[in-house]
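One letter stands for each residue in the lines below.
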Amino acid sequence: MTSRIILCADMDAFFASVEQQANPKLRGKPIAVIGSAARTVVVTRSYEARAFGVKTGMNIYEAKNACPHIIFVPGDNEKYTYTCGELEKIYRKYTPDIEVYSIDEAFLDITETHHLFGGPVELAEQIKQEIKERFNINCTIGIGPNILISKLVSDISKPDGLRWVKDDEVSLLLEELPVKELWGIGPKTTEKLMAMGINTCGALGRAPVSLLRSRFGIMGEHLKAMGQGRCERVISVNEADPKTIGHSMTLPKDISSIRQIEAYMLQLSDMVGSRARKHGFAGSTVRLTIRYPDFETFTKQTHLPEHTNHTQEIYRAGVQILDSIKLKDKVRLLGISLSSIERVTGQMPLFKEKAKQKALLGAVDAINDKYGEFKITWASYSAMVERPKVIAPAWRPSGVRNIKIKK
Amino acid sequence: MKITVQKEELQKKLSDIQNIVEKKNTMPILSHFLLVAEQSGSFITATDLETAFKEPIALEISEEGRIAIPARKLLEIAKEMDSSITIESADNQWVKVKSGKSQFRLACLAHEEFPVWPALSDAEKADAMTIEAPAFLEMIDKTVYAAGEADTRYVLNGLLFHIKSSGELTVVGTDGHRLALCQRSLGLSTKEDKKVILSRKSVLELKKFLDSGEHAVKLTVGKNHALFEIDSIQFLTRLIEGTYPNYEQVLPADNDKDVLINRSVLIKALRRVSVISRERSNAIKVELDKDIMVISASNPDMGEAKDELTVEYAGGQMAVAFNARYMLDAFSAMNSEKVVIRLKEALSPALLLEEGKTDYRCVVMPMRL
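First to last, the protein sequences are chains W and Z. Quick note: the first sequence uses this note's numbering, first residue 515, plus one each step. Quick note: the second sequence uses this note's numbering, first residue 22, plus one each step.
Note that these hints are calculated values from the structure, not bench results. There's no promise every hint is true.
Okay, the calculated beta carbon distance ranges per label pair [unchecked claim]:
| # | chain 1 | residue 1 | chain 2 | residue 2 | range |
| --- | --- | --- | --- | --- | --- |
| 1 | W | 755 | Z | 206 | 48 to 58 Å |
| 2 | Z | 212 | W | 889 | 36 to 46 Å |
| 3 | Z | 114 | W | 812 | 39 to 49 Å |
| 4 | W | 812 | Z | 212 | 51 to 61 Å |
Ideal Cβ positions, reconstructed from N, Cα and C, are used throughout, including at glycine.
In isolation and in its complexed conformation, chain W is listed as follows:
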């Protein structure tokens, strides 16, 4: 494969920047985004707060200690996912080959398109400027021959940076760079490498494969390649078919009433079913997850004779599992997931009744798509409408992993 030009765009203090953008009073001030629960920690903090030594993971008291005039802002997932989606639209103006890697990072393959914008750096400047104008968010862009280098360059150019490391400059960049800077080398691996006398990427790249293999197994070769700045992984533009489609929610309060539990299960089944239907998937394994207040977690699954994405069929399978067990305590969290996923085949049903069911679910999905989630929902659930506020780490702005976050 010819050398690619990969751009990594990483938002600086993303959640904090979004909050500062949304509320002008917060701009230029040290703020920390925290969770909504009573016992929470700093999720991210603005660069103003970083100057005072406020770190991610500090609890409120520690943060206040470090920076007495810090402003705490509870996280608002809906704002972040919306912004992330809008950012993707901006990227799309510059190249169709995009992998939104996480909520605030994206890889863009600009090999074929950068000349239209005057070159990689010029293209990157235009992206930075557009994001700044639109959202008042600073971002750092690293450009390199693969995703490993572009990510590394963006990491070491923060904040508000822009740097292009060309193919022939990679070895110079890596020579003296500590191994821990490399994306994918964590504290444990760093420790092991240091024990072997490998401190820099340059040394890692020169280390004999046999030595690395004997210490790290199959990963050894991969590590050596990383030390040389090589990376086989290409950006994944198309999302792979999911293995499971699931939802879980921590309930607003612990419950023990079976009717209530079933109501939440119906809701979860509907979330799972409608997401599967939207993306044309069906599954034949239904799994129920129950977490008790002491965090003991129970899961059990059942196999269905046929693949399904029908809310009611998923729900029935879940209830069957629930009926087969004895709850040992109140329930803190419920989860329903569908696995053994296949693409829906398009096989039409022979009998009208089945076609009717399908049409009904299609109509409900269409209405909810147009007017917002849960505009039409099951009567037994409508009495209890407290929504979860959890954003999954695997969240993606589009595709089957996209989960609409409601306040």
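Start from chain W and add chain Z according to the hints.
Frame of chain W, contents of chain Z only:
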């Protein structure tokens, strides 16, 4: 009880019931068979509560008795023995199984624990009818593949037997995507129309005993059970309750575009194209034009397949997608040299027929591509 039985006799009779005795240990008695040794008649009985099976067994009786013996274990023992086998029980808990110098002691259950054979009333018995076994077997073969295997609509996991007082029998199987219907005038003598649904599993089991040849089958339909008598074997199965879907309604009446094609040529082409299609949904595309049929499949991860066939067709250009397996199942069950695919439009059901006949009809719903 004390009896002696030939190894071959015991082995054969125990083999007959192995599919009926329960493999899971949910109800221990169901993994046992009932051995009745009486001068007036000796027989074995097995049941899974859906199907019950009774067959005579040739015994030398030294002492009459009844006992429930583990069916699988006794078969395994019988297989390993060399000659005649003696079974002796002193109480309801143990039997001794002896052959030559070999000796086993097997835990047993009392015969009272064995489920009672469901009796049919005299009125029900009076309306028994006789069916030619080969014709009956063929009708089952032509429909059973289309029945559902584990559908939540329970009736679809069975075959419908519609017996008309005119003497006609219709057997229908459907899994909700395709349907197979076989209709024969068998001169059945019944006073009134009867519609019964028998489970796919029990019909497949019954098929084994029909295979034996030219015998006639005596069928008695009761309120809750159907009893088949083949020679001296009694095969009784519970009727599936519920309403079978209205099959007549889904038989397409106004399809008018006929494709006439050599059956074995078509089957071969379908098999070839399936090599690519079966990895996923098994979807194949059938494109028709004047006397030409092109079957193709594509799988984005793998590649494409295409087969062109000469057919007799004058219905104008058309493209329709099917599950290749449904087509293969139906055409494989047919016997004629040429077959007909009778179409209307891309998203309406297709009717598959043997050339020049309408007693066997298959309906296949297309796929949206």
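Okay, the hints, checked on the actual structure:
In this structure the hint that residue 755 of chain W and residue 206 of chain Z lie 48 to 58 Å apart at CB holds, the actual value being about 51 Å. Separation of residue 212 of chain Z from residue 889 of chain W is about 58 Å and departs from the stated range, judged on CB atoms against 36 to 46 Å. A C-beta distance of roughly 40 Å is found between residue 114 of chain Z and residue 812 of chain W, which places it inside the suggested range of 39 to 49 Å. For the hinted restraint 51 to 61 Å between residue 812 of chain W and residue 212 of chain Z, the CB-CB distance of approximately 58 Å keeps it satisfied.
The structure does not agree with numbered hint 2 stated previously, though it agrees with all others.
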